[in-house]
Amino acid sequence: MPSTYKQIVLAERPGYGNAVIPSKHFRTEEKSYAELIGNLGDNEVVVKVQWLSMDPAMRGWLNDARSYIPPVQIGEIMRAGGIGQVVVAGKTSGFKEGDLVHGTLGWAEYRKLPTKGLKAIVVPPGAEPLDFLNTLGMPGLTAYFGLYDIGKLKAGETLLVSGAAGAVGSLVCQLGIKSGAKVYAFAGSKDKCEWLERDLGVTKALNYKDADFRQQFKKLPYIDVYFDNVGGEILDMVFTRLQKGARIAFCGSISGYDSPPVPLKNYQNLIGQRAKLEGFVVFDYAAKYGEAIKELAQDLLAGRIKRKFHIVEGLENAPSALPLLFSGGNTGKLVVKVLNRAKL
0 MPSTYKQIVL AERPGYGNAV IPSKHFRTEE KSYAELIGNL GDNEVVVKVQ WLSMDPAMRG
60 WLNDARSYIP PVQIGEIMRA GGIGQVVVAG KTSGFKEGDL VHGTLGWAEY RKLPTKGLKA
120 IVVPPGAEPL DFLNTLGMPG LTAYFGLYDI GKLKAGETLL VSGAAGAVGS LVCQLGIKSG
180 AKVYAFAGSK DKCEWLERDL GVTKALNYKD ADFRQQFKKL PYIDVYFDNV GGEILDMVFT
240 RLQKGARIAF CGSISGYDSP PVPLKNYQNL IGQRAKLEGF VVFDYAAKYG EAIKELAQDL
300 LAGRIKRKFH IVEGLENAPS ALPLLFSGGN TGKLVVKVLN RAKL
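Everything in the sequence shown is counted per numbering that gives the first Met the number 0, starting at 0 for the first residue and increasing by one.
Hints in this document: simulated from the structure, not taken from any laboratory. Beta carbons are placed, not taken as given, at the ideal position from N, Cα and C, and that holds for glycine. All the given hints hold, so there is nothing to weed out.
Listed next, the in silico BS3-like pairs over lysine-lysine satisfying Cα-Cα at most 30 Å (straight line):
hint, residue 1, residue 2
1, Lys30, Lys90
2, Lys111, Lys23
3, Lys305, Lys151
4, Lys243, Lys203
5, Lys177, Lys153
Now the in silico label distances, taken between C-beta atoms and shown as ranges:
hint, residue 1, residue 2, range
6, Gly155, Lys90, 53 to 59 Å
7, Val121, Ser31, 30 to 36 Å
8, Gly93, Pro69, 25 to 31 Å
9, Ser326, Ala285, 30 to 36 Å
Please put together the full structure from these sequences, using the hints given.
Right under this line is the structure:
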């Protein structure tokens, strides 16, 4: 076993609407492994962290503001979902050494955690453990409930997805196609748009960085369901292309996390088109996770869902990986592969 291990904590808050500066806002600490495993509770385990999920919601957790979950505190290990292996198990924890688990592990090489928030990974046919940070994890569940419960998508309707080359967006596109919708998408590069059209099968993907993006957008049909991951100017633009009775699943607002939010001007179109914009948080659907995961696993096995991982290696690179979510630097699900470099 190692003598020490590393963890990364929040050193300073970026402030609302400001960009994350990895070297300023996070700090790496080296801790004693012996102290970590000491006084292990009966319902606790020590987990060797293997993979970390990088999600846009993490930026919101850095703000000292009222939200659906308390903010990460100064000096606290940065919160993140992850996959790890149990190396020490409490007497009544229900786990054993070697078990693979997923849950909120955080930016660390090792964590001592209560078992309440951990789940054993049982990999279904056609899947792999890493899918529990993507299709069978929070991104997949967010896409599923946002599209079907909030968006109420029906076969034959027109679906538009922003942030479509990210983890949630790419899954929404594929679920939309599976459901018989005509799917359009926004992404931030030519390569991403080609991937969405060629590999995932969307009808048309538009690069929002193109000089004539607004002109291209005006050629799209009116939208029945808009799954929004970005907010800001693009959300305001979409207000002008809503079908009567349109539904907007407001999942995130990436454009406003690292910069001041843009005021909305066209929201009155919601009235004229009898449209609805509704925010949601995936945690509210916890009682239904099982049924969604079962269906998503079947889609993976049947090849109806494809996945793409953007892998960053090394825990030390987690702080610099986080801003990729807001600069468009990732395609697919962004994860960090934790390379345990603790001294032996």
